[in-house]
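Participant: Hey, can you work out the whole structure from these sequences and the hints?
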Amino acid sequence: MIASIFEKARKENRTMLMPYFPVGYPTLSRSKKVFLNLAKNGADLLEVGIPFSDPIADGPVIQKASTVALKAGLKVEQVFGALNDIKKKLPPTIIMTYYNLLYKNGLKNFARKAAKAGVKGVIVPDLTVEEAKDWLAASRDQVETIFLVAPTSSDARIKKISKASSSFLYCVSLTGVTGARNKLPKSTYVFLKRVRSLTKKPIAVGFGISKREQVNELRPLSDGIIVGSSLIKAYTKAKTETDSLKNIEKFIKRLGV
Amino acid sequence: MSLPDKRGHFGIFGGIFAPETLMEAIGELNKAYAKTKKDKGFQKELKELFKSYVGRPTPLFEATYLSRHYGSKILLKREDLAHTGAHKINNCIGQGLLARKMGKKRIIAETGAGQHGVATATAAAFFGMECHVFMGSEDIKRQAPNVQRMRLLGAEVIPVESGSKTLKDAMNEAMRDWVTNVRTTYYMIGSVAGPHPYPMMVRDFQAVIGKETKVQLKKMGLKANNIIACVGGGSNAIGIFYEFIDDKVNLIGVEAAGKGLSSGLHSAPLATGQPGVLHGSLSYLLQNKDGQVKEAHSIAAGLDYPGVGPEHSYLKDKGRVKYGTVTDTEAIRAFKLLSEKEGILPALESAHALAYLEKIEHKKNKVSVINLSGRGDKDLHILGEK
Ligand SMILES: Cc1ncc(COP(=O)(O)O)c(C=O)c1O
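For the record, the sequence lines run as chains A and B.
Reminder that position 121 of the first sequence reads as 121 in our numbering, one-by-one numbering, no gaps.
Reminder that position 195 of the second sequence reads as 452 in our numbering, one-by-one numbering, no gaps.
Possibly wrong hints are sitting among the right ones.
Unchecked claim - Calculated cross-link-like contacts (lysine to aspartate or glutamate; reagent style EDC-like; alpha-carbon spacing at most 20 Å):
(1) B/Lys-546 x A/Glu-77
(2) A/Lys-160 x B/Glu-281
(3) A/Lys-71 x B/Asp-547
(4) A/Lys-75 x B/Glu-552
(5) B/Lys-288 x A/Glu-77
(6) A/Lys-108 x B/Asp-547
If you're looking for bench data, these hints aren't it; they were derived computationally from the structure.
Facilitator: What follows is the structure, given as C-alpha cells:
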C-alpha cells in the first residue's frame with residue numbers, strides 16, 4: 001500500500017511531501033483540522049505523532065507540543081478515534097511514536113486498532129530491528145513497520161535494516177534530535193547517497209528540514225521529505241486557528257517539495 | 258546460565274531500545290567492555306585505583322547501638338566512606354578507565370541526588386576529560402551542595418527544565434546529547450539502567466561491594482541472614498547482592514514509598530508498576546494505562562525515578578530478591594536514629610535501607626547487613642526543614 005504510493009511518485013519523477021504533526025496539539029479537535037488541512041495541501045503521506053511523556057529522539061518543539069497534548073489528558077484510544085473519524089479524507093497515514101505506547105497497550109491490540117483507524121504503517125524511533133520480533137509478529141497483516149537508518153549506521157546495518165523495513169527507509173538526516181536547522185551538514189548528502197547505494201527501497205529523509213533551499217538540495221537524493229518541527233512552529237506562530245492553518249498552507253508552499 | 262544474554266536480556270527484561278543513531282556506539286561500547294574483562298592490565302589498574310583513590314575496601318562496621326536497639330547484629334557496609342561519599346564512584350572509576358581506553362575525551366552524565374554527578378565530575382577530572390552533567394532544575398534546588406562540588410571539580414552542570422525536572426528528565430536530556438554528539442562522547446550512566454550493556458557493566462563495577470562484604474563477614478566469622486539495600490535505579494543494591502545471589506541469605510531491596518503507596522506520590526515501580534520501556538530497556542515502570550510514564554516522588558533525590566534496572570525486575574519475578582518500601586517519614590526517622598546514636602549521617606537514600614530494619618524480624622543470633630550507600634551531607638538543608 002505505502003510502496004505503491006512511492007512507486008507512483010517515482011514514475012511521476014516527484015519527491016513526496018510527508019508532513020509530521022502530533023495528535024492533540026494544541027487540542028485534539030484542532031489537530032484533526034491540521035491533518036485535514038495537510039491533506040488538502042498536498043501531503044502524499046501523513047505522519048501522525050502520538051505524544052509520549054519521554055521523547056528522547058525529539059528536540060524542544062516536539063517535546064513542548066507533546067507536553068501540551070498530554071497535559072490535556074490525551075489517550076491512545078482518542079488518537080485512533082480521531083483518525084477513524086477522518087480517515088476517508090486523509091492520505092495514507094503512518095503513526096510515529098515510542099515503543100512503550102505500543103507495548104503497554106498490547107502489541108496485537110495496538111496493531112489491530114491502528115489498522116482499523118486506517119493507519120497503514122508505524123515508525124518507532126526507539127525500536128531497533130533487534131528488538132522488533134514481537135512487534136513484527138503481532139502487527140503482521142495489520143500495519144507496516146518502517147525502520148530508521150542514521151548517518152552513524154554502518155553499511156552492514158543499513159542493509160540489515162533495509163531488509164526489515166517495509167516499503168521504505170526513514171533516513172535520519174543528522175546525528176541529533178528533531179528540530180529545525182538553518183543548514184543541514186554536508187554529511188547529510190553523503191549519507192543519503194550511501195543509503196541509495198545500499199538499498200533498492202525508496203528512501204525518505206527527515207530531521208532538521210525547514211527551508212526551500214534544503215528541499216532543493218534533498219530532492220534529487222530522496223523519494224520523500226519529512227517536515228515536523230518547522231511545521232509545528234509555523235502553526236504555533238499565529239494567534240488564531242484560522243491564521244495557524246493559513247500559516248501551514250504558506251509554509252508548505254514556501255517549502256516547495 | 259549467567260545473565261544477561263548477548264543482547265542484554267534478563268528473562269523478558271532489559272534489551273536495547275534506543276535510537277538507531279546510537280546503535281553503532283552501543284555496539285562499540287559492548288565490544289570495548291567485553292575486552293576489559295579479559296584485560297589483566299585493566300583489572301589491575303581498576304583494583305589499584307579502588308584501593309588508593311577510592312579508599313577501598315570500605316569497612317563493614319558493627320553498629321552497636323542499632324544492634325542493641327533491635328536485638329540482633331546490625332552491620333553497615335560503609336560506602337559513605339568511599340571517596341566523594343557514595344558508592345557511585347566505583348562505577349565512575351570503572352567507566353572512566355573504559356572511556357579512556359576507548360579514546361573518549363568528552364563525558365556526559367545524568368544525576369539526581371548529585372552523587373553520580375559528583376562522582377562523574379571527579380572521574381573526569383582524574384582522567385583529564387571534559388564533563389557535562391545534566392540535572393533537573395528541581396534537584397539543583399534541593400541538592401545545592403553537590404552542584405557546587407561538581408562546578409569546583411570543573412564540570413558544567415546543565416539545568417533540565419522539562420517534565421518533572423528531576424532524574425528522569427535529566428536522563429532524557431543526556432540521551433539527547435548523546436544522540437547529538439555520539440561520535441565524540443562517552444555517556445556515563447549512573448545506575449544499572451539504560452540500554453545493554455549498561456545494566457550489566459554498572460553491576461559488574463559495583464559488585465566490588467558484595468565481594469568485599471563476603472570476605473569481611475568471613476573474617477568476622479559471621480554469616481548474613483539479611484542483606485538490605487535501597488533501590489533507586491538499583492546499582493548499590495545489585496552491587497551488594499550480586500556476590501550473594503546463589504547463597505542462602507535474604508536479599509531485600511527497598512524502594513521509596515514517598516508519601517505512601519496509596520498517595521500515588523512514590524518511587525516504587527517494583528511494588529506498583531508494570532513492565533514498560535524507558536531509557537533503553539524493558540523493566541518495571543511507573544506508568545498510566547496508556548504507557549505514559551508517571552512522575553516519581555521521594556524525599557531522596559537519588560531514588561526519585563519512575564524506573565528501575567532490568568535485573569531487579571527479573572530478580573523480583575523470579576522471587577530471589579524481596580522488594581519492600583519505606584516512606585519519606587520512615588526514612589527521616591531512620592536518618593535521625595543513625596545520626597544521633599551512631600554518629601553517622603546517612604544519605605536519605607541509604608536511610609530507606611536502614612528504616613527497613615523496623616520491618617524485619619530480629620533475633621539475637623541473626624545478622625543483617627545494610628548497604629550504607631552514601632553520606633548525608635548533601636541532604637542537610639532538607640533535614641533542617643524537618
Ligand atoms: C547515596 C545514594 N544511594 C543510593 C542511590 C540510588 O541509586 P542506586 O539505586 O543506583 O544505588 C543514590 C543515587 O543518587 C545515592 O546517591
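Participant: Now tell me if each hint is right for this structure.
Facilitator: Right, here's what the structure says about each hint:
| no. | hint | result |
| --- | --- | --- |
| 1 | B/Lys-546 x A/Glu-77 | 11 Å, holds |
| 2 | A/Lys-160 x B/Glu-281 | 13 Å, holds |
| 3 | A/Lys-71 x B/Asp-547 | 14 Å, holds |
| 4 | A/Lys-75 x B/Glu-552 | 17 Å, holds |
| 5 | B/Lys-288 x A/Glu-77 | 42 Å, violated |
| 6 | A/Lys-108 x B/Asp-547 | 14 Å, holds |
In the structure shown, a violation is registered for the earlier hint numbered 5 alone.
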